[in-house]
Amino acid sequence: MSRNLAVDRGPSGLLGLLWIAIWGFSGFFLSYSTMVPIALDRGLSSVTGGTLLTVMMVSVIAVQPFAPALRQRWGPRRAIGGALLLMAAGHGSALVISHSMASLMVTGLAVGCGFGILVVLATAAVPAVSRPGRAGRALGQFGATTSAAAAVGAPLGLWFSGVVPLETFRLVAAALVLLALLTLPRVPGQVSPLPGRLPPAAAVVEVPGSASPAEPAAARPDAARASGQAWSGLVPVLLPFLVGMAAYGLVIAFGPGGATANPALFIATMQGSSVVGRWVAGSLTDRRSPAAVYSVGIAMTMAGLLATTFAPPGWLLAGGLAVMGLGIGTVQSASLVMAFARASSHGAASVGWNMSFDIGLGLAGVFGGLGFTYLGPGATFAGVAGLLLLASIPLWLRRRR
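So for the sequence shown, our numbering puts the first residue at 673; every next one is plus one.
Everything labelled a hint here was simulated from the structure, so no lab data went into it. Remember, predicted model here, so these are calculated numbers, not experimental data. Using N, Cα and C, we set each Cβ at its ideal position, and we do this for glycine too. Among the hints, erroneous ones may be present.
[As the list claims (entries may be wrong)] What follows is a list of derived Cβ distance ranges for each label pair:
1. PHE982 with LEU1042: 17 to 25 angstroms
2. GLY861 with ASP713: 41 to 49 angstroms
3. VAL836 with ARG803: 39 to 47 angstroms
With the hints as constraints, model all of the structure from the sequences given.
As structure tokens, then:
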């Protein structure tokens, strides 16, 4: 086993995981961004489409606590392979299930469960294939890859699903996920010790559901008491982030601007600027107060939501979504830094942050389904902007103390 791990450790093994991340994450966001449009196209309501989207995100969250046990029982290689096959089967189920509601439900559950396992296990495998002392850098490269895959997968799925039959779209989506299997042999076949303890800043990958290697809280004195205090300190930090992710998911899943242009163009604008915002904010938090950077990100996100509410489709709306994307990226980076500063352990920060990401994406289905049906798009986006403002008050009050 050690010889196998030695062969896989380094650029070859890491590139294999990056390849898996590209196709696995793209496959998930192909489904996430198209769940509601496909539901509407099949004659279902916005509420039903939003509910299906929420069910998919609940499945992502529900399986994550069990992913480490699967890794221990089957080994990383087989567990990741099984997760990818489950995602591909979810997309392929549309070819054999004719009932619209049942087809979307099966697709959402299978893709969601597979993705929930994939993000946890693929992230945990990164240190095992990185060279000693390079685990943090490798995790950063993995995070950048997953962000790019999400930025491409969501708008591409929205566009492609509108120009080809549903069966063709699902078949292509399944095939793309299966491409990830090509480098599966480079993933370690068995669980191995981590090459070294990771520093806090390197122990996180900013992707939905990805839990990085945790520092055991039990190894610290008074771990239970410290953990409780840390979780109470994390809530004000993570609450605005959670609502921000709901806003992010709302744009991806329900897409504005459809009256004059393909919504995929506007979504791509927001997605691309969010990657830039995350990168820039990550550097700023090293030199400035993370709380101040966080507040700027919140303000930019609210400004983008208001632009989405009032701006007509066109360049003005695209500019507003670019501002919103910068804000979302800033919120992601700054909240992550603050979570690690306040948590009792690496594990608490990672779990709290990633669960907030996934819950936010799930709430987007609820907000969009109910809001678009009973209030309309403009009022829904404005309402989420107001909710983000309210969610930020505990953070700002705590900062004043």
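- request: Starting from the hint list further up, note which numbers the structure goes against and sort them upward.
  value: As far as the earlier hints go, not one is violated by this structure.
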